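Enquirer: Here is how the chains run, residue by residue.
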Amino acid sequence: MVTPPKGDYVSLPINAEAKKVADAWDAAQDVVGGDQCKAYGAPGLMRLPTRLRISWQNDTTLKVETDAGTQTRLLHFGDWKPPAGGATRQGNTTAQWEMRQGRRGAPQPPPEQRFGNLKTVTTGLMAGYLRKNGVPFSEKTTLTEYWDLLRQPTGEQWIVITTVVEDQTYLTRTWITSLNFKKEANGSKWDPSACEAS
Amino acid sequence: MKMTVLTALAMLVSAPVFAQGQVEAAAAATRGQIIDLAGSWANRLHEDWIERAPGPHIGDYSGLPINDEARAYADLYQVSMQNMPERQCILYTSQYIVMGPQNLRIEPDVDPISGAIVALHMTGTVDRGPHTVWMDGRAHPSKNAPHTPGGFSTGVWQGGTVVAQTTHLKAGLVWRNGVPHSDQATITEYYARHGDMLTITMILNDPIYYEEPFIRNATFELDPQTRVLPEPCEPQVEIPRAPGVVPHYLPGENPYLNEFAETFNLPLEAVRGGAATTYPEYGKKLRSTYKPPAKCTVYCCGGTGLTVPNTNNAACREGDAPPTP
Chain H
1 MVTPPKGDYV
11 SLPINAEAKK
21 VADAWDAAQD
31 VVGGDQCKAY
41 GAPGLMRLPT
51 RLRISWQNDT
61 TLKVETDAGT
71 QTRLLHFGDW
81 KPPAGGATRQ
91 GNTTAQWEMR
101 QGRRGAPQPP
111 PEQRFGNLKT
121 VTTGLMAGYL
131 RKNGVPFSEK
141 TTLTEYWDLL
151 RQPTGEQWIV
161 ITTVVEDQTY
171 LTRTWITSLN
181 FKKEANGSKW
191 DPSACEAS
Chain G
1001 MKMTVLTALA
1011 MLVSAPVFAQ
1021 GQVEAAAAAT
1031 RGQIIDLAGS
1041 WANRLHEDWI
1051 ERAPGPHIGD
1061 YSGLPINDEA
1071 RAYADLYQVS
1081 MQNMPERQCI
1091 LYTSQYIVMG
1101 PQNLRIEPDV
1111 DPISGAIVAL
1121 HMTGTVDRGP
1131 HTVWMDGRAH
1141 PSKNAPHTPG
1151 GFSTGVWQGG
1161 TVVAQTTHLK
1171 AGLVWRNGVP
1181 HSDQATITEY
1191 YARHGDMLTI
1201 TMILNDPIYY
1211 EEPFIRNATF
1221 ELDPQTRVLP
1231 EPCEPQVEIP
1241 RAPGVVPHYL
1251 PGENPYLNEF
1261 AETFNLPLEA
1271 VRGGAATTYP
1281 EYGKKLRSTY
1291 KPPAKCTVYC
1301 CGGTGLTVPN
1311 TNNAACREGD
1321 APPTP
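First to last, the sequence lines map onto chains H and G.
First residue of the first sequence? That's 1 in our numbering, and the numbers climb one at a time after it.
First residue of the second sequence? That's 1001 in our numbering, and the numbers climb one at a time after it.
It is worth saying that the hints were derived from the structure and are not from the lab.
Hints are supplied without guarantee of correctness; some may be wrong.
Stated by the list, open to error - List of simulated lysine-lysine pairs, DSBU-like, C-alpha gap at most 35 angstroms:
id: 1; chain 1: H; residue 1: Lys182; chain 2: G; residue 2: Lys1170
id: 2; chain 1: G; residue 1: Lys1295; chain 2: G; residue 2: Lys1285
id: 3; chain 1: H; residue 1: Lys182; chain 2: H; residue 2: Lys119
id: 4; chain 1: H; residue 1: Lys183; chain 2: H; residue 2: Lys140
id: 5; chain 1: H; residue 1: Lys20; chain 2: G; residue 2: Lys1285
id: 6; chain 1: H; residue 1: Lys140; chain 2: G; residue 2: Lys1291
id: 7; chain 1: H; residue 1: Lys63; chain 2: H; residue 2: Lys189
id: 8; chain 1: H; residue 1: Lys119; chain 2: G; residue 2: Lys1291
id: 9; chain 1: H; residue 1: Lys182; chain 2: G; residue 2: Lys1284
id: 10; chain 1: H; residue 1: Lys182; chain 2: G; residue 2: Lys1295
id: 11; chain 1: H; residue 1: Lys119; chain 2: G; residue 2: Lys1143
id: 12; chain 1: G; residue 1: Lys1284; chain 2: H; residue 2: Lys20
id: 13; chain 1: H; residue 1: Lys183; chain 2: G; residue 2: Lys1291
id: 14; chain 1: G; residue 1: Lys1170; chain 2: H; residue 2: Lys63
id: 15; chain 1: H; residue 1: Lys189; chain 2: G; residue 2: Lys1295
id: 16; chain 1: G; residue 1: Lys1291; chain 2: H; residue 2: Lys20
id: 17; chain 1: G; residue 1: Lys1143; chain 2: H; residue 2: Lys140
id: 18; chain 1: H; residue 1: Lys189; chain 2: G; residue 2: Lys1143
id: 19; chain 1: G; residue 1: Lys1170; chain 2: G; residue 2: Lys1143
id: 20; chain 1: H; residue 1: Lys189; chain 2: G; residue 2: Lys1285
id: 21; chain 1: G; residue 1: Lys1284; chain 2: H; residue 2: Lys189
id: 22; chain 1: H; residue 1: Lys183; chain 2: G; residue 2: Lys1285
id: 23; chain 1: G; residue 1: Lys1291; chain 2: H; residue 2: Lys182
id: 24; chain 1: G; residue 1: Lys1285; chain 2: H; residue 2: Lys182
id: 25; chain 1: G; residue 1: Lys1295; chain 2: H; residue 2: Lys20
id: 26; chain 1: G; residue 1: Lys1284; chain 2: H; residue 2: Lys63
id: 27; chain 1: G; residue 1: Lys1295; chain 2: H; residue 2: Lys140
This structure is a prediction, so every number in the text was calculated from the model and none was measured.
Chain G extracted, bound-state conformation (with noise of 0.2 angstroms):
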């Protein structure tokens, strides 16, 4: 208990305070550099929409290069039981800086002497925890070190990008529809700065739940009227339940896996993914056969501006005809 305890508080102390050799690692790795990455970036939404702001449909795990085990995962979500009280502020794990719909702001660590970036902050909003990325040279922690959110990240610059390196992560959602990733997840993610525009291209491995890399790219535009402000999660009940309830489905009992390809027309295979639904002959074999909807009836408009308020975005305007097949 004792050892602890002294572990415990030599944490405490030495995290704030960056040891000389790491300053003058992050000062070489910082001369030279001249791409500023600092600022507040907004999310414009241009792809992904539905994935990013409404959240994908249930079933709809088309474009992941997922296995069978993360399918299974998968099928057993209810989207109700993120609002239980102890579920509400779990925050999802880094990945979701580009799977998400938040704006992002990057705050960097300067060593004050050296002028060396320390370390490189992206905060967002609501429900994504801080990620910070170590640019200082540091070792990753033992594999035995606690997993977080917002995993262990350490940067290196390749010319004008930071390249990072993120593990220990907690196991969490991939999408909003109950698709994993696992605590063995790393990541590599890339922020490249071209004008005022900052992509973002994270590539997740995962020995337990994909059988490929999965990489996902999203452009913020510089914007210094962005909100990103923490919002604190404050849990309370907002549907009333029984004590012990816990919203599931068991497995083959989820009546909406279907919805989504029966909405598009497309193959229940098409919508399970996989990693060799995800290149273009699987396209070809699909397009062979596939005959889609007359017209679009969900989402239609999501994203674009000429969105009706309080509808689920399928018409587009106040008295719009639907579109005619």
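So that you can see chain H by itself, here it is in the shape it has in the complex (with noise of 0.2 angstroms):
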């Protein structure tokens, strides 16, 4: 809900150069340099206080919007391929959905009652926080997302992301951490707001 204070890095699996690199934060520095929006770069964005907005933008594509610092993710199925050019804050995402099989034999069921998740690659990252204090993630960051759709017997709706970061540069091995949204009634909540250096 607030950013941690400068030095802690409780959980995360990080090296002494990650370290380094987050004791030297300066969030005046990230504001003077218009980098506020270093910690909402998508390894970083799903565990900041923010609603979503999932929709299709075409039939290959779907839109993650976030309303903590007005973020857009393009989630690319088929045989999608990133455009040239440099690192982007959200990255390249492609997406592709997880169908469980049956049994050898066993009939299949129709398609509307197939179950499965929504796997998610997203690498051509630009570097920026893996938690907003500062602690940091490299370029060469792949983050690889499960998104599965939880239905209570209430019915109440959330969607559970399972997130593994790898990054070689800061980390000492995989991040992986799960995250929970809660599906609204409508979106009466939603509240865009800028980007916050802290």
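Grab the two chains, each in its own frame, and use the hints to assemble them into the complex.
Expert: This is the structure:
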């Protein structure tokens, strides 16, 4: 909900170099440099207190917007190829459905009764912050996410995202977390705001 | 008395034997499933390290949609009550799979004829009781049946995900700073495997202590080298006390309730929990006036691998200067 104090790296499997970078974090410098959005890159964005708005941009592109920092992630299905050019804050994301296949010989259910999850892989990221207090990730980072839609017997729906961050520059191993978002009845609480450096 | 004995004997006899209808139901449910949840799963503690490893600060209820009743209960908590011999072996309840620090082993009971998964046994290490999820379509027992730390769980497959419903829980602690759940709490758990990762989502509904359902996830990694052996609890006197003394605080007398808020410069209201404090709009309100402490002073490197042993994890390496303000 709020930015952790400087030097708080709890739970993050970071290396000494990452710690050095985080210890040098200066939010004021980020403002001066126009880098207020460094904590809003895909690996850090989803852990910020935000709402998501998910819609289809077209037949093969799922759009995920956040009101925190007013960011947009595009999840590309099919044989989409990343555009040429430099890294971006939200990177290039490819997406595929992982549908469960039945055992050999078992009858396949009709499509509307099949279950599965969405898997996305994001690369081409600009360097940014895993945590808002300056804990870094590098431009070599790969972000893999598994999106599960869960239904409660009460009718409530949740999206749970299992998130795997790989970064050989700053992490000693993959960083694995999981996030949850509750579906709301409407978009009345959607409240876009600009990036904040601290 | 005779009837009670007969009932007890009937339960003992019937427990390990699966009725034909139940096996068929389990076989039907298992058919088409190719996700194997069996194995030893390592808890990496890549989030919520403070809550799961050393335990949350006294008076920190942030992020918990609790009500006044739960707050009043937790405010009386004194951690040393846990080392009373009669309390040392009280097991945490099933929700502790995602709230505790332990690794997890999942062992299925497989019917040898049909191949159906009749039950999934979730075992951990110390402090948490065995948790069995019955997959054979059996009904939950009467509301008057005994409540246990593991509760009574039945599960179904939704694709590759096991969805389990747990009732008949004993009252217990959600966090190790006294935040409770009642014996009327029920849990829905989702076990979703992605490659060598297992994400467990727990949603706790409790009409006594919670304003809204409480959701928490934990992700485990498949790791055959993970040690998941039962550790029998053997109570012993850790702190000599006069007979009849129970560590506690009377209402309004806990001197540590403000410590967490003061350490992190947070308004007391923000750490007292409640459903309204768990949504993004509350964060916006908070940030408009919040000034973080100049530097981290406690648990800063917990779970990072940079930790100096035998410290409170404020220092990250021997000789490190603290981060400059």
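Enquirer: Compare the structure with each hint and give your call.
Expert: Checked hints:
1. As the CA atoms of H:Lys182 and G:Lys1170 are separated by approximately 27 angstroms, the hinted pair is consistent with the 35 angstroms bound.
2. With a CA separation close to 22 angstroms, the supplied pair G:Lys1295 and G:Lys1285 stays within the 35 angstroms bound.
3. Taking the CA atoms of H:Lys182 and H:Lys119, the gap is about 19 angstroms. The hint holds against a cut of 35 angstroms.
4. Restraint check for H:Lys183 and H:Lys140: the C-alpha separation of about 33 angstroms stays at or below 35 angstroms, so the hint holds.
5. Restraint check for H:Lys20 and G:Lys1285: satisfied, since their Cα atoms lie roughly 32 angstroms apart, inside the 35 angstroms limit.
6. Between H:Lys140 and G:Lys1291 the CA atoms are separated by roughly 33 angstroms; this keeps the pair inside 35 angstroms, and the hint holds.
7. The suggested pairing of H:Lys63 with H:Lys189 holds, with an alpha-carbon distance near 19 angstroms, which does not exceed 35 angstroms.
8. In summary, the hint linking H:Lys119 to G:Lys1291 is not supported, as the alpha carbons are separated by about 38 angstroms, beyond the 35 angstroms threshold.
9. Our distance criterion of 35 angstroms between C-alpha atoms is met by H:Lys182 and G:Lys1284, whose separation comes to about 19 angstroms.
10. The hinted pair formed by H:Lys182 and G:Lys1295 meets the criterion: a straight-line CA distance of about 33 angstroms does not exceed 35 angstroms.
11. Simply put, H:Lys119 and G:Lys1143 have alpha-carbon atoms about 41 angstroms apart, too far for the 35 angstroms limit, and the pair is violated.
12. For the hint pairing G:Lys1284 with H:Lys20, the CA-to-CA distance comes to about 29 angstroms; that is within 35 angstroms, so the pair holds.
13. For the hint pairing H:Lys183 with G:Lys1291, the CA-to-CA distance comes to about 31 angstroms; that is within 35 angstroms, so the pair holds.
14. Distance check on the hinted pair: G:Lys1170 and H:Lys63 sit about 44 angstroms apart at the alpha-carbon level, beyond 35 angstroms; violated.
15. Restraint check: the Cα-Cα separation between H:Lys189 and G:Lys1295 comes to about 33 angstroms, which is no more than 35 angstroms; the hinted pair holds.
16. Note on G:Lys1291 and H:Lys20: the hinted pairing holds, with a Cα-Cα distance of about 23 angstroms set against a maximum of 35 angstroms.
17. Only pairs whose Cα atoms come within 35 angstroms are accepted, and G:Lys1143 paired with H:Lys140 is rejected, the gap being roughly 55 angstroms.
18. With a C-alpha separation of about 39 angstroms, the suggested pair H:Lys189 and G:Lys1143 falls outside the 35 angstroms cut-off, and the hint is violated.
19. About 13 angstroms separates the Cα atoms of G:Lys1170 and G:Lys1143, which keeps this hinted pair within 35 angstroms; it holds.
20. For the given pair, H:Lys189 sits about 14 angstroms from G:Lys1285 by alpha-carbon distance, which is consistent with the 35 angstroms threshold.
21. Only pairs whose Cα atoms come within 35 angstroms are accepted, and G:Lys1284 paired with H:Lys189 is accepted, the gap being roughly 12 angstroms.
22. Among the hinted pairs, H:Lys183 with G:Lys1285 is consistent with the structure: their alpha-carbon atoms are about 22 angstroms apart, no more than 35 angstroms.
23. For the given pair, G:Lys1291 sits about 29 angstroms from H:Lys182 by alpha-carbon distance, which is consistent with the 35 angstroms threshold.
24. Taken as a hint, the G:Lys1285 and H:Lys182 pair is honoured in the structure, with Cα atoms around 21 angstroms apart against an allowance of 35 angstroms.
25. Annotation: proposed proximity of G:Lys1295 to H:Lys20 holds, straight-line Cα distance about 14 angstroms (limit 35 angstroms).
26. For the proposed pair G:Lys1284 and H:Lys63, the alpha carbon gap of about 24 angstroms is at most 35 angstroms, so the pair holds.
27. A C-alpha spacing of about 29 angstroms is found between G:Lys1295 and H:Lys140, which places the hinted pair at or below 35 angstroms, so the restraint holds.
When each numbered hint is compared with the structure, violations occur for hints 8, 11, 14, 17 and 18.
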